[in-house]
Amino acid sequence: IVKDAQKNNIILVKGTEVTRNTPPGHFNAIFIQDASEFIESQDASHDKATVMKAAEQGAFVFWNHPGWQPKIKGSYEWIDFVEDLYANQALHGIEVINGFGFHKKALDWCVDKNLTVMGTSDIHNLIQRSYDTDRDYVHRTMTLVMAKERTPEAIREALDAGRTVAWASKYLAGKEEHVRALFNACVELKPPHYTEVRGNGNNTTFYEITNNSDLYFELVLTEGNGTRGIVLYPQSSQLISAPADQSSLSYDVVSTYVRSDQHLNVTFNLN
1 IVKDAQKNNI
11 ILVKGTEVTR
21 NTPPGHFNAI
31 FIQDASEFIE
41 SQDASHDKAT
51 VMKAAEQGAF
61 VFWNHPGWQP
71 KIKGSYEWID
81 FVEDLYANQA
91 LHGIEVINGF
101 GFHKKALDWC
111 VDKNLTVMGT
121 SDIHNLIQRS
131 YDTDRDYVHR
141 TMTLVMAKER
151 TPEAIREALD
161 AGRTVAWASK
171 YLAGKEEHVR
181 ALFNACVELK
191 PPHYTEVRGN
201 GNNTTFYEIT
211 NNSDLYFELV
221 LTEGNGTRGI
231 VLYPQSSQLI
241 SAPADQSSLS
251 YDVVSTYVRS
261 DQHLNVTFNL
271 N
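Heads up: the sequence shown runs through residues 1 to 271, numbered per this note's numbering.
Don't read these hints as lab results, they were simulated from the structure. Here a beta-carbon is modelled for each residue, glycine too, at the ideal position from N, C-alpha and C. Any given hint could turn out to be false.
Stated by the list, open to error - Have a look at the derived ranges for each label pair, beta carbon to beta carbon:
1. Glu153 / Gly229: 37 to 45 Å
2. Lys148 / Ser250: 27 to 35 Å
3. Gln238 / Glu37: 47 to 55 Å
4. Pro191 / Val2: 46 to 54 Å
5. Val2 / Asn269: 44 to 52 Å
6. Lys71 / Asp108: 14 to 22 Å
7. Thr267 / Pro234: 17 to 25 Å
Whenever a hint applies, use it, and build me the whole structure from the sequences.
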């Protein structure tokens, strides 16, 4: 694996799943040293010691898909076991999106407790069996890591700092500051290029808005008088309009989540 990663210029991070019964559930540990230490009895008395072994190796530990078995009592709650890991700084993130499953309460936990937002495919089968990649916007769920450079050390620093956004299909989920930074890096409103003059004085000004990324953004107007809905496909642009005297427009980016019930809200200054 190491040689294949080197040959293909892929940064390989050592990791393993620390699988316990639900609850407390499954955990991933990355940046580990030795995975053999995590082979333990599934008896509940070993749960904490097994996860703590990962933390003692200096691993980055995150809680996997807490909502995958919601009918099991305690499986989708902030239970004492998880609180204990958190209090001992042995829990660093939560898998908010797992494959096609969005565990919205987990996003709130990440925001409220300053844990890192993660998204993974949790692939157990052949990729083509789980993801119909011939369809638009179907891809393996992933974590976008805002690392300062392309090194394992920079990736770890970004994870520890919580600079991540989970990306699944058309959707993004993360802390508001990181989703906003990503949106601002991808989307640009160009200066006005045309004003349609009308006899009644209700002139309309036109703008071009562009998306220079491979992400999908869908916006719905929340404040102002102008184009009500914007769909920005990857590497695309769209014309929008507003009254010539309009100073700004605000939109909810409904393809993003910064809390379980809240989208990123953005304002475009038109002057």
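Taking the hints in turn, this is what the structure says about them:
The hinted window of 37 to 45 Å between Glu153 and Gly229 holds, with their beta carbons roughly 43 Å apart. A hinted range of 27 to 35 Å for the beta carbons of Lys148 and Ser250 is consistent with their spacing of about 31 Å. Separated by about 53 Å at the C-beta atoms, Gln238 and Glu37 satisfy the suggested range of 47 to 55 Å. Checked against the given bound of 46 to 54 Å, the beta carbons of Pro191 and Val2, roughly 50 Å apart, stay inside it.
In this structure the hint that Val2 and Asn269 lie 44 to 52 Å apart at CB holds, the actual value being about 50 Å. Lys71 and Asp108 have their C-beta atoms about 21 Å apart, which keeps the hinted 14 to 22 Å range intact. At roughly 23 Å, the beta-carbon separation of Thr267 and Pro234 lies within the given 17 to 25 Å, and the hint holds.
The structure is consistent with each of the numbered hints, conforming to all of them.
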